[in-house]
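Undergrad: Sequence:
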Amino acid sequence: RVLRRHRLIELFLVQVIGMNWDEVHDDAEQMEHVVSDRFIERIWKTLQSIPEYANQTTLLVTTDHGRGATTTDWTDHGRKVPAAEATWMAALGPGIAPLGVRSGVTVTTSQLAATVAAVVGEDFGRAAPGAAPRLPTDR
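Count the sequence shown with my numbering and you get residues 1083 to 1221, in order.
Among the clues, some could well be false.
Label-pair ranges, simulated between beta-carbon atoms [stated by the list, open to error]:
| no. | residue 1 | residue 2 | range |
| --- | --- | --- | --- |
| 1 | A1168 | A1195 | 12 to 22 Å |
| 2 | W1103 | P1176 | 19 to 29 Å |
| 3 | F1121 | P1176 | 14 to 24 Å |
| 4 | G1212 | G1100 | 40 to 50 Å |
| 5 | R1161 | I1132 | 21 to 31 Å |
Below, computed lysine to any residue pairings styled on SDA-like, alpha-carbon distance capped at 25 Å [claimed, not checked]:
| no. | residue 1 | residue 2 |
| --- | --- | --- |
| 6 | K1127 | A1110 |
| 7 | K1127 | G1100 |
| 8 | K1127 | Q1112 |
For the record, the hints were derived by calculation from the structure and aren't laboratory data. Here the structure is a predicted model, which means the values were calculated and not measured. For glycine and all other residues, C-beta sits at the position ideal for the given N, C-alpha and C.
Could you put together the complete structure from these sequences and hints?
TA: Take a look at the structure:
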């Protein structure tokens, strides 16, 4: 299963916090912009403790846009903000090699669709020949 950050937060709010599905969307919308590594780690550990998700869940976490290159310009995004096009992604789960923080590897948000397809056993490139390849998640 592939869960984007928003969906991951919704799942956490329902299954761990005990909120109802009809009330989690707005909270998840707010939280998805401020989720820490520690929070993602705890969600991962929680999912691994739930039999329906353990060892069969893949997390793909990314941002919807960059926010600049330094902490001083991280208050905004857009064409006039240096490095606003830069985003980050994290992948965790079965079939994803534990590569740690990588540098010198260029990835784009356009690769996310092919990666999601690969995680669920589909070949996105065959369905959309001009699409970007999947993320380099193996050694």
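Undergrad: Run every hint past the structure and note whether it holds.
TA: Checked hints:
1. A1168 - A1195: 12 to 22 Å: 19 Å Cβ-Cβ, so the 12 to 22 Å window holds.
2. W1103 - P1176: 19 to 29 Å: Since the Cβ atoms of W1103 and P1176 sit about 26 Å apart, the hinted range of 19 to 29 Å holds.
3. F1121 - P1176: 14 to 24 Å: Given range 14 to 24 Å: holds, Cβ gap about 22 Å.
4. G1212 - G1100: 40 to 50 Å: Check passed, 45 Å falls within 40 to 50 Å.
5. R1161 - I1132: 21 to 31 Å: With a Cβ separation near 42 Å, R1161 and I1132 fall outside 21 to 31 Å, so the hint is violated.
6. K1127 - A1110: Holds, at roughly 19 Å.
7. K1127 - G1100: 17 Å, holds
8. K1127 - Q1112: Distance ~22 Å between K1127 and Q1112 Cα, so the pair holds.
Of the hints listed earlier, the one the structure fails to meet is number 5.
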